[in-house]
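Protein chains: 2
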Amino acid sequence: MKPYEFTKSQELFMRAAAVVPGGIYGHQTPAVLVPGAYPYFYDRGEGSHVWDVDGNEYIDYICSYGPIVLGHRHPKVEEAALAQMRKGNCFNGPTALWADLAEHLVGITPFADWAVFAKNGSDVCTWAIEVAREHTGRSKIAMAHGAYHGTHAWCTPMPAGTTAEDTANIVTFKYNDLADLRRVAEAHDGQVAGVIISPFRHDAFHDSELPAEGFHKGIRQLCDEKKMVLILDDVRCGFRLHMGGSGEYFGVQPDLSCYCKAIANGYPLSAAVGRESLRAAAESVFFTGSYFTSGVPMAAALACLKELHAIGGIEQMRAMGTMLCRGLEEQSRSHSLPVTISGPPAIPFMSFKNDPGFDRNKIFGAACAARGVFLHPHHNWFLSTAHTEADIRRTLEVTDQAFGEVKQQSA
Amino acid sequence: MKPYEFTKSQELFMRAAAVVPGGIYGHQTPAVLVPGAYPYFYDRGEGSHVWDVDGNEYIDYICSYGPIVLGHRHPKVEEAALAQMRKGNCFNGPTALWADLAEHLVGITPFADWAVFAKNGSDVCTWAIEVAREHTGRSKIAMAHGAYHGTHAWCTPMPAGTTAEDTANIVTFKYNDLADLRRVAEAHDGQVAGVIISPFRHDAFHDSELPAEGFHKGIRQLCDEKKMVLILDDVRCGFRLHMGGSGEYFGVQPDLSCYCKAIANGYPLSAAVGRESLRAAAESVFFTGSYFTSGVPMAAALACLKELHAIGGIEQMRAMGTMLCRGLEEQSRSHSLPVTISGPPAIPFMSFKNDPGFDRNKIFGAACAARGVFLHPHHNWFLSTAHTEADIRRTLEVTDQAFGEVKQQSA
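Going line by line, the protein sequences match chains V and F. Take the first sequence: its position 96, counting from 1, is numbered 132 in the working numbering, and each next residue is one higher. Take the second sequence: its position 18, counting from 1, is numbered 54 in the working numbering, and each next residue is one higher.
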């Protein structure tokens, strides 16, 4: 096997490091955290495969941290985007796609009566808590300790640059601990505007944790009892678990739900959908951005959501994710290397047991990357509908070798 | 003259109003504020012209509230965007364009040593104040009273959904009043992390106000004296007044500057550029989003900035804006309707004197729109390099008639 080289990636990183703080910021790229094992820069993508700037090819299970749900350059999405590009993208106001897409989202989301659009997941999560505040006249927001709801100061995982006031109205509880949420709600009785929660716990540097039996139902009941707005942060999971939103998958109907990532197969769009009861508050909370009404991402979103439905994309991703996870489980047993496989099959994650520093995951991830399979060592993975059985079979050949390498290196 | 009809726009608005809070939110679309006179929805654009969904054509002086700086569907920008689209857009990390564009921005901006990229103007303005806080270890930010630096809670023009804590660290001063800024800085001596300011005062529902002689220079001196970070919010003006940033145009070198709008001719991108001294703080303040590293908008930005430079775009916009403003001045005199023409020629605005409710501006704007010229009644206008002398001549024929209509209706 010719080893993967990252000469161009590293050259570009040196250039970037001169003119960008940190070279590459933001998403915890494994290239930074496992130096020499992953590319820094990418050249192109096609379906489930990506190529880095050195020409190395990967079966990609990161899917751009979620957006690529139909595979790169899906023909129907590209065609829809191009058709709108030929007319223009960004105007003095929306195109007809604004109404089309809002109707479509409301149509497929059982609890929703309206939709709004923005660019980032952070945009819609922050706007959602403001709508909850405006609706209730209360200030405090309850969120799970350590959960990620975007980069804004009220919830950023890194405190640099924030002030005490930024989090003064945030109260936290333990994910999957209803009693703890009740404790928080009662400690601030009548002051909590809303609860923001992800469909399952998918914090980076953690095994994923599915909601315990009754957890979401209990939150719903507590929100009804205390008149708090229930906000589902479906930015990461939306349209990978259920076309009606991950609330449908886990059996909970929120009041407001936030989407981004998979909504438009990589075109820049986020959205929130909500109940009629919140419409007046939603009208009042100012929300805009230079590109919020642009047509191309909305054309892409409509094409993406329709195609996901038409091909049974949710079921496909579940099936391929299940095949991957079962294969990994078998390999774990055959190599006598115990692992934890967590998360729903379409958004899986695997970690080695008794490896709190993720050191074995780094060896495993690096060994996979070197053989053309891109798995993240400390962030959940993503399936797309472009992943085929052949992809999974090839992936499992590679992971088998990677287990062997972990065994060898930790012997 | 066949009057413009808005049948399809109104039908779409009714549809949108059912599924989007307020139908259309955000930017103060004149269609909402001057009902029946402007379209709600747009179909396509080409150069300096846009067509609404009813097929009505306009010479467009809003330019999508700034982004369209080379005209809609500029061939070089579209070609660059398409070339990247054929390789993909959104990957697990950046493309080589990340380094190329950062180098380009640093190269054309005299004071800047690094660049970062995001999606919205709000993203970079908020991040900038956080970098100032991290750099200085101070919490307070000084901004001009009533200035717009985005929708985030610390500076939104509408308080709905915000809390007292959101603005607890914001102190305000009067634009163009250095003594007032000094008063604020001294009242909070040692606590003000930074001053954020726009190159000129361009608040909506206001005449624009150029910086008074010595204003920016005085801010610079005060920032140096008090060790405050000087942040230029160049979101609206950037790349319309000077390729090196509007600080160059007005003779001030900030520490950090925020771009959006014109940077990529409508493709979704914002950026901040800053000095070496802020690099460590910039590395520390967490900043990311699902689409921050996407290649297509960066390809568009590089093409846009290079083309603006190559064709002398700044000078073109200045010349065409000057021709427009001079024509309006003459017409104002000939109709004996005194007006205030304000702002730099590339970002001009006109209001009628003694018309605080902008009623005459609404009549004027509606009369122009009905004749195929799109001018905003209460928000500054934008020139693009696609505006030709023929456009301006036709525009002035229309505005002459619009002055006549104002005369008639206010007689």
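In short, the hints are calculated from the structure, not lab data. There could be a bad hint or two in this list.
What the hints assert, rightly or not - Here are the in silico distance ranges between beta carbons for each label pair:
1. V/Met194 <-> F/Ala223: 44 to 52 Å
2. V/Lys263 <-> F/Ala200: 39 to 47 Å
3. V/Leu118 <-> F/Thr424: 36 to 44 Å
4. F/Gly173 <-> V/Glu245: 30 to 38 Å
5. V/Thr358 <-> F/Lys263: 57 to 65 Å
6. V/Gln227 <-> F/Asp436: 57 to 65 Å
7. F/Asp395 <-> V/Lys210: 53 to 61 Å
Every residue gets a Cβ at the ideal spot worked out from N, C-alpha and C, and that includes glycine.
In ascending order, which of the hints set out earlier in this document are inconsistent with the structure?
1, 2 and 3
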